[in-house]
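**Student:** Residue numbers (the working numbering), protein chains in the order written: chain Z, 61 to 251; chain R, 61 to 251.
Hints listed in this document are in silico derivations from the structure and should not be mistaken for laboratory results.
It cannot be assumed that every hint is accurate.
Copies of the same chain are indistinguishable here, so a pair counts whether it falls within one copy or spans any two.
[Claimed, not checked] Calculated pairs, DSS-like style, for lysine-lysine (alpha carbon to alpha carbon, straight line, at most 30 Å):
| # | residue 1 | residue 2 |
| --- | --- | --- |
| 1 | K143 | K81 |
| 2 | K149 | K96 |
| 3 | K240 | K96 |
| 4 | K143 | K162 |
Computed from a predicted model, the values in this text were never measured in an experiment.
2 protein chains.
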Amino acid sequence: MELLEKRILEDGEVYPGDILKVSGFLNHQMDIDLLKEMGLEWKRRFADAGVNKILTIEASGIGIACIAALEFGCPVVFAKKSKSLNLGKDVYCTKVESFTHKNVSDVIVDRRYLGPEDRILIIDDFLANGKALEGLMDLIHQAGATLCGIGIAIEKGFQGAGDRFRAKGIRLESLAIVDKMDGEKGTVTFR
Amino acid sequence: MELLEKRILEDGEVYPGDILKVSGFLNHQMDIDLLKEMGLEWKRRFADAGVNKILTIEASGIGIACIAALEFGCPVVFAKKSKSLNLGKDVYCTKVESFTHKNVSDVIVDRRYLGPEDRILIIDDFLANGKALEGLMDLIHQAGATLCGIGIAIEKGFQGAGDRFRAKGIRLESLAIVDKMDGEKGTVTFR
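Please work from the sequences and hints to get the whole structure.
**Tutor:** As structure tokens, this is what we get:
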């Protein structure tokens with residue numbers, strides 16, 4: 061998606077260690093006009109997928125998921141990172157290792173909000189090593205729901221997780237795929 | 061707002077200890093049609109306030125803030141609950157005590173996304189003891205920004221924080237104000 065790639069080149073910040081910060085427009089301050097265009101683009105790409113619910117994970121996926129949901133005309137569920145030791149039987153739970161924070165969280169969804177009748181589009185801001193997506197797919201599997209597709213804003217293509225999911229036949233649409241980053245020069249190359 | 065009050069009566073869950081759960085439509089699963097109507101209502105109530113940015117706090121404020129921002133035609137900034145000990149000089153930071161989790165978090169906003177030119181509408185899902193709002197107002201004060209108003213989905217009127225803010229001249233608009241809850245009977249009474 062040209063609009064997003066352009067914005068990453070203009071306002072993204074590249075740091076050594078393959079770090080791409082987009083906090084000025086995507087996941088701390090959010091440019092709602094851009095989010096609206098992203099929602100429209102996912103709707104174009106998944107128009108025939110029969111989506112009836114969007115699933116994301118807190119916190120930075122929530123904004124883009126909600127704006128996209130306006131286009132799909134469906135509710136959003138966000139999976140919660142739980143600190144609670146006593147989760148009970150009312151939730152589906154999976155473990156997700158964070159690339160950014162280097163820790164493992166329990167990630168939960170209330171059983172009432174995910175079930176066999178749900179046709180899910182996962183939406184998230186970043187795809188790096190794919191651990192968060194694997195966690196969300198595990199929750200969908202536990203609930204007996206159907207995964208219709210995955211919409212990602214920015215995929216770090218060079219980490220390989222996106223291609224691994226595509227090879228399994230998962231319909232994954234990333235609006236920008238970064239194939240190379242140079243932290244010294246501060247440059248980004250898109251696929 | 062009748063639509064929200066009706067939904068709370070239909071789908072809210074009341075538990076002893078003045079706990080009101082609205083996770084089926086507001087802060088775990090989100091009914092986007094309802095959020096859209098809430099955004100329109102805040103826009104009606106703050107039409108003349110000159111808002112140019114919405115500020116909220118992760119995680120459950122983000123969805124309603126983003127949908128409301130579509131009506132206001134402005135960006136959203138969400139304050140982050142930080143676990144990092146080394147915050148640096150690039151952020152405004154305040155401490156917020158959580159009513160739900162009984163702990164204190166550092167809450168931060170990058171200095172680049174809040175400044176003297178910003179006319180802020182705070183949006184959040186709940187107003188209980190007012191600690192989160194006080195934290196957000198402290199961040200606005202640190203940045204030299206202007207607080208135009210506060211839009212709350214559900215105010216627990218009986219806890220008094222909302223009336224305390226109003227008495228200070230703060231323009232606070234809650235879409236539903238709960239004046240009484242009965243955890244035994246599971247009932248809610250609105251102002």
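**Student:** Under the constraints set out in the numbered hints, which ones does this structure not fulfil?
**Tutor:** The structure conflicts with hint 2 only, although it agrees with all the remaining ones.
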